[in-house]
Amino acid sequence: MLTLGRACLILALAVSVYGVGASLYGARKGNRAWVASGRRAVYAVAGSLLVAFAVLEAAFLRSDFSFELVAGHSSTTTPLFYRFTAMWSSQEGSLLLWATLLGLWSSLILFLTRNKLREVAPYAAAVLLGFAAFFVSLMVFLETPFARTLGALPAEGVGLNPLLRHPSMMIHPPMLYSGYTLFTIPFAFAIGALVTRRLGAEWIRSTRPFTLAAWLFLGIGVLLGSRWSYTELGWGGYWAWDPVENASLMPWLTGTAFLHSVMLQEKRGMLKVWNVSLVLATGVLAILGTFLVRSGILDSIHAFGASTLGVPFLVLIGVLVAGSVALVVSRSRDLRSEHRLDSVFSRESAFLLNNLVLVGICFVVFWGTFFPLISEAVSGSKASVGPPWFNRYITPLALILVLLSGIGPAIAWRRATLANLRRTMLGPALFAVVVLVALLVGAGVTDKPLALAMFVFAAFVTGTVFQELWRGVKARRAMSDDSVPMAVVSLIRRNRRRYGGYIVHLGIALLFTGIAASSAFQQARDVDLRPGQSARIGSYVVTYVKPTGEVVAASNGRLERIDLGAVLKVSRDGEALATMRSRRSFFPSQAPEFGPISRFFEGEATSEVALDAGVREDVWTVVSPDVRGLLPSVKEGDRVFAAAREGGKLSRAEMDVLLVQALRGLAASYASDPPAATFRLIVSPLVTWIWLGAIVVFLGGLTALWPAPSGATRRVSAAYAARVARELGRA
Amino acid sequence: MDPDRKRTLRFTIALSCALLLAGALVYTSFAGASEARSPSQLVGAAKVGETYELTGKVQDGSITKDGVTTTFRVRDRDGNVSVPVTYTGAVPDPFREGREVIVDVRKQGATFVGEKDSLVTKCPSKFSADEQS
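Heads up: the sequence lines are chains Y and Z, in that order. The numbering of the first sequence is this note's numbering, which starts it at 8 and goes up by one. The numbering of the second sequence is this note's numbering, which starts it at 13 and goes up by one.
Read the hints as simulated data drawn from the structure, not as lab findings. This structure is a prediction, so every number in the text was calculated from the model and none was measured. The reader is advised that the hints may include incorrect statements.
[Claimed, not checked] Here are the simulated BS3-like pairs of lysine-lysine, each with C-alpha atoms no more than 25 Å apart in a straight line:
#, chain 1, residue 1, chain 2, residue 2
1, Y, K642, Z, K77
2, Y, K36, Y, K123
3, Z, K59, Z, K128
4, Z, K59, Z, K119
5, Z, K77, Y, K553
6, Y, K455, Z, K128
7, Y, K274, Y, K123
8, Z, K119, Z, K77
9, Z, K128, Z, K77
Make a model of the complete structure from these sequences and hints.
So, in C-alpha cells, the structure goes:
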C-alpha cells in the first residue's frame, strides 16, 4: 500500500506538470483539444490524490504501523473518529489533505466553466495545476506521507496528541484548508483574466460561489480554532494573536473586503485595480498562512521547530508576489474604472471605507505577526509585540467596521440625500440610543467606553438589518397575500445574496458584542483549594466538593489514560446553580526510557474544562491536580515492575493485570487523600454570543451561497432588464 | 470646488491619515515590543525592572510549586546556561521539564518574574521536525 500511495503522488506530480504545459500551449495556440487535455489533467490529479488520501486514511483506520506516519500520530487506543482525523495532525498528512482539497475544488470549478471563460480558464487551470505540482512535489521529494517504519514494527503507536482530541480541532483543519484552497481559485482566474486582458466581471461572477465558500469555510475554521482554544487549552481565552491564528485571519480579512468591493465592479465597473489586487493578495496570504505553520520562520507564541519546507514556500510566495505585481502594473490601462465616486455619502463610499478598514486591520495583523523578523532586520534583535499592541489598533478599527456594517446596507447607491439618510438611519439610530441609555442607566456600563460603543454600534446594525427586512416584507406583502413569515421566507429566497449578506451582518454584530463583553468584563483568578473549600469569582461561589481518580481503557481493552479531577459546585446568593467536573487526563509516553507507571506521568496531559455556559455569562474552570505526592509511589511501582520483568516470574498478561491494579491504586489514593489542587476560575459574559453569532454568520453565508431558484433568477433578470430599459430611456 | 481639485484634496487627506497611522503603528511596535532573549543573553545583561521575552527549555528537575506559584529554571535550547523564573497562575497543559517555553519576564533581584498569563508552552498542533524525532 505504501508503494501505491507513493505511485499516486508521483503520477499526480507528472500529470500536474503535463497539465500546466498542455493548458498553456492550448491557450497560446488557441487549440481546444490541448485546453481540454489540460482540464482533464486537473481531474486526473484530483483522482490520483484522492486514491493516495484513501490509502493513507485506510492505514490510519486499521492502525497499520508499517506507515511511519501512522505509528507516529495514531495508536490502537486512539478512538476511531480521531484515528480517521489523525492524518492531518501531521505535517505530511496535512499536506496531502491540502493538495487533495485543491484537486477537488479545481476540478469542480473547471468542470463548471468548461463551456465558459474559454480564454481565461486554461490559464487558471495552469495556475491551479502549478499549485498542485508544488504541493505534490513537497510530498514526493521532502515530506512523504508514505515513509516506511524503519526496523521492527512497533506494537503500539505514539497516538494522537491528546490536546488534539477534540471534535472541533479535527474539523478545523479541513475547514481551514478548504478556505485556503478555495481562495486559490479566484486567484487563478484573476491571473487568467489579467493575462488575457478579459477584465470584465464574468470571471468574478463565475468564481463568486467559490470565493464565498472560501470565506465561509475559512471563517468556520477560524471560529472552530477559537472554540477549541476556549474549551480545551486550559487558559480560558479564545484568541491570543498567535502567528498561526493571525495567518488564517489575514486572507479572511482581505477576502471579506473583496466580497464587498466586487459589488462595485459588478454594478458600476469601479475599483477594478483594487479588486484584482485584493484577490491576488488573498491568494498569496492563503499560501502564506500555509507556509507560516510549516516553516519555523517565526519563533513566537507557539514555538515552532525546524522544517525543510521554509525555502520552497518562500520561493513560491516570492514568485506569486512578483508575478502578481507585474501583471497588475502591465494591465493598469485595462483596469481603469468605468465610473467615479459620485458622493462621499453613498454606498460606494461606505464599501470603500469598509475595504480600507479591513485592509488596515490586515496590515496591523501582518505587521504584528512578522514584527519579530522586521525588528531583527532593523535592529538586529528579535522582538515581538503582544496582545495589548494588537488590541490598541484592532479595537477602534473593529468599531468602525461594525458601524459601517450598519450603514452599508441602508445608505443609497451613488448619492444619498438628507431625506434618504433620515429615512434609513433614523430608526436604527434611535434603537441604538435606547440601548445606550439602557446600558448606562440600567446596567451601569460606564467604565468601559470602547465596549459600550461596540454594544451601541451592534444595536445600530441590528436595527438596520431588521428595518431592511421589514421594508422588504412590507413591499412583498403589498404584492401578495403572504403571511409575514411566508413573506420573510419568500423575500430571502428570491434575494439570497442581499439578505444572506444582511444575516451575516447580524451575526457579526452578535459576535462582536460577545467579544467586547467577554474581553472587557471577564473576571479570572487562580486559586489553590482543598476539598470543602470555596472561592468567590464575580457573584458566584465555587466549592471544591471532591477529587476524582479513574483509569480509563480504550475500546480494545488497552489502558488509554489516567484521569485526575475534581467535582465542583457553583452557587450564587446561596442557591446551587450547577455541578461541574473538570479533570486532567494523563496519556502514556511511548518513550522507552520511562517505567511502566511513570510513563503515564511523563507523556502528554490535557485538561478537560468544566463549563457552565449561559446566554448571559459562562462559568469556566479547569483543575491542575498536584501529582507530586504520587511520585514516590510511581517510582516504587516502576522498581517493582522492573524487578518482576528481570526475574521473569510473571507473564505479559499477568504484568498487564497488575499494571491496571497499580494504576487504579494510584488513582484511588489521589481521590482518597488529595493535596490542594490549583483551579483557574473565570466568569465571562456573553461568550455564547460569539458562537451564536458565528452560527448566524454561517447561516447567512450559506443563504448567500445557495443557488437562487430558477424562477427567482428570471424575475431578477426581468427587474434588472426593466431598470436598464428605464435608464436607457432617460439617457 | 472643481471636482478634480476636490478629488486631489480627498486623496491627500486620506493618504496623510494612512501615513500617520502607519507611522504610529511602526513607532509603537518598536517602542512597546519585548525583545526575545535566551537565558545566556539575559545572564549578566538583564536590567532590573526591564521586560524581556524569555525563550528556552524548562530545565530538568527544576520545577517546584508553592500554592499557585511555580518556580522553575529556563535553559538555553542548545546549552546549559539557565535563569530562575517564578510564575504565578495556572501553567499550560503541555508545561513540563524539557519543554520549550516562551514567557514574558521582568527582572526582580536575582530572579525573573513571569508576567500573568504570558507563559506559553510549545503547541502540539504545530508541525516540527523535532516533534517527529
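Hints, verified against the model:
1. K642/Y <-> K77/Z: holds, 20 Å
2. K36/Y <-> K123/Y: holds, 18 Å
3. K59/Z <-> K128/Z: Within the cut-off at roughly 20 Å; holds.
4. K59/Z <-> K119/Z: Judged against 25 Å, a Cα distance of about 7 Å means the pair holds.
5. K77/Z <-> K553/Y: holds, 22 Å
6. K455/Y <-> K128/Z: Holds. K455/Y to K128/Z sits at ~22 Å (cutoff 25 Å).
7. K274/Y <-> K123/Y: holds, 21 Å
8. K119/Z <-> K77/Z: holds, 20 Å
9. K128/Z <-> K77/Z: holds, 16 Å
Hint compliance for this structure: no hint is broken.
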